[in-house]
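Novice: One letter stands for each residue in the lines below.
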Amino acid sequence: MIDQIKTKAKELLKTKKVDIVIGYKKASDRIGAIPAFIDKEGDIDKLIWDGYCVYNLSNYLKDFPGKKIGIVTKGCDAKSMTVLLQENQLKREDIFIIGIECSGIVDEKRKGGDIAYDERCKGCKPATPPIYDVLIKEEEKKQAPRLEQDPYESVRKLETKSIEEKFKFWQDEFSRCIRCYACRQICPLCYCPRCVAEQTQPAWFSKAVSVEGNFSWNVNRAMHLAGRCIDCGECERACPAGIPLRDINKKIEKDVKELFSYEAGVDTEQKPLFSSFDKNDPEDFIK
Amino acid sequence: MQRLITKQDLVNKLTELLKDFEVVGPKELSNKGIFYQVIEDAKELYLGQDFAIEPIKKFFLEPSSWILRHAKDDVSLESFPQSDKKRIVIGARPCEAKGLALLDKLFDSEYKDDFYINNRKRTIVVGLACAKPDMSCFCTSMQGSPAETSGMDALIFESGDGFIIELVTDKAKHILGSIGEDIKEDQKLNKDKMKALVKKVIKTPESLDKVFESDYWDEVSRPCISCGVCTFLCPTCHCFDLVDEEKKRMRCYDGCSFPDFTLEASGVNPRPTKKERYRQRVFHKFDYFKKNFGENLCVGCGRCIRHCPVKIDIADIVDKAPI
Numbered sequence: 001m002i003d004q005i006k007t008k009a010k011e012l013l014k015t016k017k018v019d020i021v022i023g024y025k026k027a028s029d030r031i032g033a034i035p036a037f038i039d040k041e042g043d044i045d046k047l048i049w050d051g052y053c054v055y056n057l058s059n060y061l062k063d064f065p066g067k068k069i070g071i072v073t074k075g076c077d078a079k080s081m082t083v084l085l086q087e088n089q090l091k092r093e094d095i096f097i098i099g100i101e102c103s104g105i106v107d108e109k110r111k112g113g114d115i116a117y118d119e120r121c122k123g124c125k126p127a128t129p130p131i132y133d134v135l136i137k138e139e140e141k142k143q144a145p146r147l148e149q150d151p152y153e154s155v156r157k158l159e160t161k162s163i164e165e166k167f168k169f170w171q172d173e174f175s176r177c178i179r180c181y182a183c184r185q186i187c188p189l190c191y192c193p194r195c196v197a198e199q200t201q202p203a204w205f206s207k208a209v210s211v212e213g214n215f216s217w218n219v220n221r222a223m224h225l226a227g228r229c230i231d232c233g234e235c236e237r238a239c240p241a242g243i244p245l246r247d248i249n250k251k252i253e254k255d256v257k258e259l260f261s262y263e264a265g266v267d268t269e270q271k272p273l274f275s276s277f278d279k280n281d282p283e284d285f286i287k
Numbered sequence: 288m289q290r291l292i293t294k295q296d297l298v299n300k301l302t303e304l305l306k307d308f309e310v311v312g313p314k315e316l317s318n319k320g321i322f323y324q325v326i327e328d329a330k331e332l333y334l335g336q337d338f339a340i341e342p343i344k345k346f347f348l349e350p351s352s353w354i355l356r357h358a359k360d361d362v363s364l365e366s367f368p369q370s371d372k373k374r375i376v377i378g379a380r381p382c383e384a385k386g387l388a389l390l391d392k393l394f395d396s397e398y399k400d401d402f403y404i405n406n407r408k409r410t411i412v413v414g415l416a417c418a419k420p421d422m423s424c425f426c427t428s429m430q431g432s433p434a435e436t437s438g439m440d441a442l443i444f445e446s447g448d449g450f451i452i453e454l455v456t457d458k459a460k461h462i463l464g465s466i467g468e469d470i471k472e473d474q475k476l477n478k479d480k481m482k483a484l485v486k487k488v489i490k491t492p493e494s495l496d497k498v499f500e501s502d503y504w505d506e507v508s509r510p511c512i513s514c515g516v517c518t519f520l521c522p523t524c525h526c527f528d529l530v531d532e533e534k535k536r537m538r539c540y541d542g543c544s545f546p547d548f549t550l551e552a553s554g555v556n557p558r559p560t561k562k563e564r565y566r567q568r569v570f571h572k573f574d575y576f577k578k579n580f581g582e583n584l585c586v587g588c589g590r591c592i593r594h595c596p597v598k599i600d601i602a603d604i605v606d607k608a609p610i
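Same order as they appear, the protein sequences are chains A and B. Quick note on the numbering used here: the first sequence kicks off at 1 and runs consecutively. Quick note on the numbering used here: the second sequence kicks off at 288 and runs consecutively.
Chain B with its partners taken away, still in its complex shape:
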C-alpha cells in the first residue's frame, strides 16, 4: 500500500507520535556527519541522502547493555529490567533494515535472545529509500536494493517536495495509514529501476571452502590494523563480550578483528595473526552464515569500506578470491 505524503505531514505525525513513542532518527552534527539519535523535536530529523556513520543496529543490539544484576538479597541473580517504551525508528536505510532481518534469523530462532527480541518488538522501523548510493554501496549484490523493505514496517521515498510512503506491515498501516493521500497508479514508483543506481557489483562464491588455506588471506589482510571499525559499524556483525562491572553483567560489542577476541586463558590464541582473523570475518559473512541460514551475512551497505582507516575493501576481496 503506497500513499503520497508531504514533509509537513510527516513532521506533524512524528510530533504527535512523540507523545507516546520514543522517536529515533538521523541527526546531522556539524562537521561530524550523520548519527542516529533519540529525537526530541521532529524538526531535528535529517532526511537527506548522506548515510549515518553507525547503522541502526545500535538501537537493537546496543554497543553495551546491562543484562544481569545481583538481586536485593545480594546472592541470587536477576535479569536487568528492559524498557518497554514503544519506539519508532525513522530514516533507517534498506540495507540496515535488512541487517535486522538477518539478525532476526540468529537472535529470534532456535536461540531466543530476550533483549534483542524486546527491542525488535517495541519498535516500528520506517525506512528511507536511497536515491544516491555511493561508490562503496553494493547492496544489489547482496540480494538487496535501494528500495528493499525486508526488516521494515514502512518505507518512504523522496518524491518531489514530499515522500511516497509504502506501508508494509499491519503495525505500520495502523499507525501511519491515516497520513497523506492515496496514490494514483501512474505515481507509483518503479522500484526495479532504482537497482541501477548501485554501481558496485560483485560476485560471491557459493562456498569458500577451497581457499581456506590460501596465501591470499595473508596478502589481503596485511594492511589491516586490527581495529573494530568494520565490525562495530557493520549492520550484521553481532559478536559480543560479557563483562562484569560493579555487581552487574554487561554485554558489549566485540569483534573478530581484535587479537584478544580468541585469546584463551591458557595463553593460546587459535587466530594468532591478522591472516586468521581477517579470514574469519570473510568466512563468517560469506560462507558459514550462508551454510547455516541460507544468506550472506552482509547487506552491502559499504560502511566497512567507507570507514576503514586503511581502505580495505571486503567486496573487492571476496570478488577476487581465488576460487
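Looking at chain A on its own, in the form it has when it is part of the complex:
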C-alpha cells in the first residue's frame, strides 16, 4: 500500500502536477507519525502509512496558498475537504487527492500499549473517501471488522439526563479546559482568519478559565460547526484535558440530520446547510 502511495507521490512531483505532497512520516519516537511535507523527490521514501497516521491532513491545505498540493487522504479527511470545497475555501483543481481506503486508526490515548481502533472509527462506514483522484485500497485481510454500532450511542445516553444533570456533567468536563484552543487549531473547518474567541472589541465572551468562559468557548466552537462537522474526531484527540468534544459535535450532527435530513461532507454539489433554504424546513423551534 505504501509503495502505491510513494509511486503516486513520485509521479506527481516529477510531472510537476503538484508542488508539494502532504503525507505522513515517522515521528521522533519511532512509533507514531508526524505530518510530512514532501517537495523533493529525494524525500519520498520518508512517507509511511499505518494505523498511527491519525491526523486529518486537510487542515494544512490553507498553509500553501497558490500551490498545487497532493494530499494523502483517509475517508473522514476527504469529507472535510468536501465541506471546504462547498464553502469555496479550496479549488478542486489545486488539490490531487490520494485517497486511502482506511481500515481504522489507532487510539493513541488508550493506556497499556495494546493497539485498539479509535472510538471514532467504530461507527465509520464507508471508509472510502467520497472524493479522490486516485484510490489506494487496503489489502482485504488487513481490514478491520466494521462494527454495526449505533453512532449516536453516547449522545442518546446523554439525552436521557435532566437539564440539571447535563449542566453538571458539562460543567465538570469543561472545568478542565485550559483554553489552549487545540480543538480549534486542529480542526480543518475552523478557518476563520480571526476567531470570535480572539475578538476584544467587543469581547463576545470571557477569556477567563472559568465556568462562564469555558462554557461559552466550547459551546460556541461546536455551534459554529453545526451542519459542517464531519466527525473526524481530531478535536477530541487533540484536547489535552480529555473533554469529550465529539459528544457535543455528534449531538448537533444528530439534530441536523433529524431536522433537516442533512449530512455534512458527503456531496460537493450539495449547498452548505446554512446557506440553503427550503420552505419545508421545520420551524417549530422558532417561538
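Treat the hints as calculated values from the structure; they're not laboratory data. A hint or two may mislead.
[As the list claims (entries may be wrong)] Derived DSSO-like pairs (lysine-lysine); straight-line CA-CA distance at most 30 Å: (1) K14/A / K562/B; (2) K46/A / K486/B; (3) K314/B / K109/A; (4) K482/B / K26/A; (5) K168/A / K306/B; (6) K166/A / K319/B; (7) K561/B / K10/A; (8) K8/A / K561/B; (9) K319/B / K26/A; (10) K6/A / K26/A; (11) K109/A / K482/B; (12) K109/A / K319/B; (13) K561/B / K67/A; (14) K62/A / K607/B; (15) K330/B / K109/A; (16) K319/B / K161/A; (17) K46/A / K497/B; (18) K157/A / K319/B; (19) K62/A / K562/B; (20) K607/B / K6/A.
Chain A is fixed; fit chain B onto it per the hints.
Specialist: Just chain B now, with coordinates in the frame of chain A:
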C-alpha cells in the same frame, strides 16, 4: 536530612495539615488522567508514577487571575486581594519544581511580581521523585534528574511499601520533620543512579545565533497547528495577556505559538508565520533565557512532546539544529 515514612504516616500528617493548610496534589480522574487539584481528603491523593497533564505551575502562575480592580470610589484602581492561606503542594515532580526555580529567576529578581511571590511564599512544595520516566522525559539533559530537589522544600521517594523523605529547607523540617523514623546509612538512596532511568538524552548548543535565519525553522514548524498546548502545559512558559473584564483586570496565559500573540494594533505582525513563531519558542528557551539567566528555560519534563497534537518534538529539533 532523610527519614523513612510509611504511606499511613503521610496520610495522617496530611489529614492533620488539612486543618490549617490548603493541600494541593495529584488526583486521578477516571479515563482523563492525572490532574493537580485542591485535596479535601488525604485519601484522594494519587501518588503513583503517571505524570499529571498540567504542571504544578498553574498554582503559582494561574491560567487566569484577577490582578486589578476599580476601588469603591469607582475612579481609582487597587490591587486585587490575594489569598494568604498557607498551602502545601504534594507530589510535584522534580522537573516541575525546577520550573518554579526558573520562574523565580524571572518573577522574583530585578522585577518583583507580587502575585507570583505571594503564591511561592505561602506554599511548601513536597516533590515526588520519578521512578518511571517515560520516553518523552529528558530532564538529565537540562541539568535535572528524577531526584533533583531544586525549587522544592522536601522530596519523597517510593521505597518498598512506604517512602523516604528528604527534607531540604528549614520550612519543611519544621512542619514534616517529626514524621517517620531516622534512616540508616545503608537505606539512603543513590540519587545519581536514578539519572540512568532517563533514556532520552540531547545536546543543546551554547548559542543558536548562527542558525537564526536558517530554513530549518520553516521545515520543523510546518506540522505545527499554532495551538497553545506546548506553552500552556510547559512548567516554565510564563507569557501572559492582560484583559479587562467587568471593571477588573485579569492576566491569563498567552503563548508565542498563537498568531495573535505579536499582532500589533496597526495590523502588522512581526511573527507572521509558524516559522517565526516556532523559532521564537525554541530561541526563548534555549538561547535568550540562557543569555540572561545562565540556564535553559526548559526542564525536560516532556509535556510538550507527550501532548503535542501532531507529535512535534522540541528536544529532537534542538538536538538536530544545524549549528
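Novice: Evaluate each hint against the coordinates.
Specialist: Hint check results:
| no. | hint | verdict |
| --- | --- | --- |
| 1 | K14/A / K562/B | 27 Å, holds |
| 2 | K46/A / K486/B | 25 Å, holds |
| 3 | K314/B / K109/A | 18 Å, holds |
| 4 | K482/B / K26/A | 28 Å, holds |
| 5 | K168/A / K306/B | 29 Å, holds |
| 6 | K166/A / K319/B | 19 Å, holds |
| 7 | K561/B / K10/A | 27 Å, holds |
| 8 | K8/A / K561/B | 29 Å, holds |
| 9 | K319/B / K26/A | 27 Å, holds |
| 10 | K6/A / K26/A | 15 Å, holds |
| 11 | K109/A / K482/B | 27 Å, holds |
| 12 | K109/A / K319/B | 10 Å, holds |
| 13 | K561/B / K67/A | 18 Å, holds |
| 14 | K62/A / K607/B | 28 Å, holds |
| 15 | K330/B / K109/A | 27 Å, holds |
| 16 | K319/B / K161/A | 21 Å, holds |
| 17 | K46/A / K497/B | 28 Å, holds |
| 18 | K157/A / K319/B | 19 Å, holds |
| 19 | K62/A / K562/B | 15 Å, holds |
| 20 | K607/B / K6/A | 26 Å, holds |
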